[in-house]
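**Q** If you're matching them up, the sequences are chains A and B in order.
For the first sequence, my numbering begins at 1 and goes up steadily by one.
For the second sequence, my numbering begins at 1 and goes up steadily by one.
Please note that the accuracy of each hint is not assured.
What the hints assert, rightly or not - Cross-link-like lysine-lysine pairs, in silico, DSSO-like; alpha carbons within 30 Å at most: (1) A:K239 <-> A:K345; (2) A:K219 <-> B:K39; (3) B:K47 <-> A:K281; (4) A:K219 <-> B:K66.
Just so you know, the hints here were simulated from the structure itself, not pulled from any lab data.
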Amino acid sequence: MVFDILQIGGQQDILSTLVSLIWLLLLLSFFLYPGFSQRIQLSYILRDLERKLNKLRIIDDDVKDRTLKAFQEHSEPNIDVKNELERLVDSFIISPESMDPYGIVYKLEHIVNTWEDRFEEDVARICSKADPVKVKTLTNLVEVSRGVHFIYRYVRHYYLLGKRTQNIYLVLQMQMLMPQIMEIAEAYRQASYAFAQAQPIGDGIGALVVAKLVHGLEKKTYEIAKDTIVHELELDGRKLLILRASGPGGTVGRPGEGIVKLIESEGDRVKLIITIDAGLKLEGEESGKVVEGVGVAIGGTGVDKFKIEEIAKAKRIPLYAIVIYESITEAITPMRESIVKAADKIIEKVKQLVNEKVEKGATIIIAGIGNSVGIGVT
Amino acid sequence: MFPQKPQLNRFIQPLTHLTCFSCNTENSRPFKDGDYVFKEVEEKCPKCGSTKMLITGIYIEERQLKERER
Ligand SMILES: [Zn+2]
Numbered sequence: 001m002v003f004d005i006l007q008i009g010g011q012q013d014i015l016s017t018l019v020s021l022i023w024l025l026l027l028l029s030f031f032l033y034p035g036f037s038q039r040i041q042l043s044y045i046l047r048d049l050e051r052k053l054n055k056l057r058i059i060d061d062d063v064k065d066r067t068l069k070a071f072q073e074h075s076e077p078n079i080d081v082k083n084e085l086e087r088l089v090d091s092f093i094i095s096p097e098s099m100d101p102y103g104i105v106y107k108l109e110h111i112v113n114t115w116e117d118r119f120e121e122d123v124a125r126i127c128s129k130a131d132p133v134k135v136k137t138l139t140n141l142v143e144v145s146r147g148v149h150f151i152y153r154y155v156r157h158y159y160l161l162g163k164r165t166q167n168i169y170l171v172l173q174m175q176m177l178m179p180q181i182m183e184i185a186e187a188y189r190q191a192s193y194a195f196a197q198a199q200p201i202g203d204g205i206g207a208l209v210v211a212k213l214v215h216g217l218e219k220k221t222y223e224i225a226k227d228t229i230v231h232e233l234e235l236d237g238r239k240l241l242i243l244r245a246s247g248p249g250g251t252v253g254r255p256g257e258g259i260v261k262l263i264e265s266e267g268d269r270v271k272l273i274i275t276i277d278a279g280l281k282l283e284g285e286e287s288g289k290v291v292e293g294v295g296v297a298i299g300g301t302g303v304d305k306f307k308i309e310e311i312a313k314a315k316r317i318p319l320y321a322i323v324i325y326e327s328i329t330e331a332i333t334p335m336r337e338s339i340v341k342a343a344d345k346i347i348e349k350v351k352q353l354v355n356e357k358v359e360k361g362a363t364i365i366i367a368g369i370g371n372s373v374g375i376g377v378t
Numbered sequence: 001m002f003p004q005k006p007q008l009n010r011f012i013q014p015l016t017h018l019t020c021f022s023c024n025t026e027n028s029r030p031f032k033d034g035d036y037v038f039k040e041v042e043e044k045c046p047k048c049g050s051t052k053m054l055i056t057g058i059y060i061e062e063r064q065l066k067e068r069e070r
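Modelling step: build the complete structure from the supplied sequences, incorporating the hints.
**A** This is the structure in structure tokens:
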């Protein structure tokens with residue numbers, strides 16, 4: 001076979017002989033060096049990862065710049081905002097030990113609450129010129145910045161580790177995840193614009209629905225837990241307790257604690273709890289689609305969900321849930337028309353549920369779950 | 001060989017939708033800093049000239065999304 005190839009080369013000019021020879025060597029290298037093709041593949045994947053990592057770094061810098069600018073606008077000139085911000089972005093939270101899970105929800109709640117309070121205090125101290133509403137939104141902005149920075153660090157870790165150890169399986173797994181990771185990073189970048197300007201985001205649809213529901217109605221409004229308010233009103237002979245995060249600052253409030261307090265003060269009069277929240281849609285599903293179910297529609301750490309389920313079970317109160325489908329990007333970027341349009345449909349559904357499921361004279365708790373950034377209290 | 005600078009997506013500014021207190025006319029304009037849903041603003045109604053409007057929505061319209069895709 002080898003002679004054949006050389007013979008063909010010999011019949012033609014020197015250049016094609018050379019080309020044939022290079023081909024031959026290349027072919028031989030695949031036979032004599034079994035890892036050769038893998039080597040080529042590895043370097044190809046690493047190059048692809050490097051390109052994406054580079055884009056992630058640009059996204060990370062972009063979000064950091066935006067956060068820094070927003071902070072500088074609200075801080076005194078003698079404060080080293082850049083340094084303080086870096087400290088916040090690098091800070092961490094350690095989840096509680098789960099070896100003995102008894103009481104872990106309350107430990108988690110304690111840690112998360114401490115974290116939130118400390119974070120907000122730090123932001124308020126750095127941005128001393130910002131009002132409390134702005135402080136909440138700026139706190140959200142730092143969280144976005146932290147999220148993007150974590151993604152960048154995570155990808156960089158696996159890229160460098162894979163490169164150093166020449167581990168194709170490691171970088172291959174990373175490469176497979178990259179499309180979704182890039183999409184999330186880009187969503188975070190868009191979210192940083194929204195929070196920097198305090199615009200309502202898709203996740204806030206729950207809060208928006210209840211704000212629209214009570215708008216223009218006679219009611220009593222008070223704070224029930226930190227950043228959590230309740231509107232008390234009468235509708236068709238039933239008492240409605242409508243709970244949401246207090247806007248227009250960016251916060252999700254403490255709906256779990258709020259609902260527990262409401263049930264404790266209302267006693268056995270509460271006959272239904274309805275939670276309204278944005279939920280992740282599956283690929284191919286339509287954004288803004290409204291679906292109904294049972295249970296507690298609420299995301300986050302799980303503390304609020306646990307508390308509501310626990311008290312509802314003890315008091316035998318049915319749990320109804322209404323979910324609005326959104327993608328992860330839609331949930332953290334400015335609200336879209338398709339999602340806003342769902343609000344009126346949900347209000348009709350809630351009114352229908354109240355009339356059908358609960359007798360006159362009873363109390364219903366309706367919780368609009370989600371971030372209240374850019375959604376004022378009516 | 002220099003790595004080319006990757007292109008980042010443009011951010012679409014949402015529109016602020018306002019409703020007039022006296023004639024209920026709805027109109028929209030680009031989002032301005034300080035806007036939030038259910039804020040009462042002193043802006044002139046394009047129809048009746050009243051100066052009290054309520055912000056009833058802040059969102060990205062479908063046509064804005066379509067424009068970007070193009
Ligand atoms: Zn008017």
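**Q** Hints first: check each against the structure and report whether it holds.
**A** Verification of the supplied hints:
1. A:K239 <-> A:K345: Answer holds: K239 (chain A) to K345 (chain A) is near 21 Å, not above 30 Å.
2. A:K219 <-> B:K39: Holds, because 18 Å separates the two Cα atoms, which is no more than 30 Å.
3. B:K47 <-> A:K281: Given pair K47 (chain B), K281 (chain A) is violated - Cα atoms ~40 Å apart, limit 30 Å.
4. A:K219 <-> B:K66: Judged against 30 Å, a Cα distance of about 41 Å means the pair is violated.
Hint compliance for this structure: hints 3, 4 are broken, all remaining hints hold.
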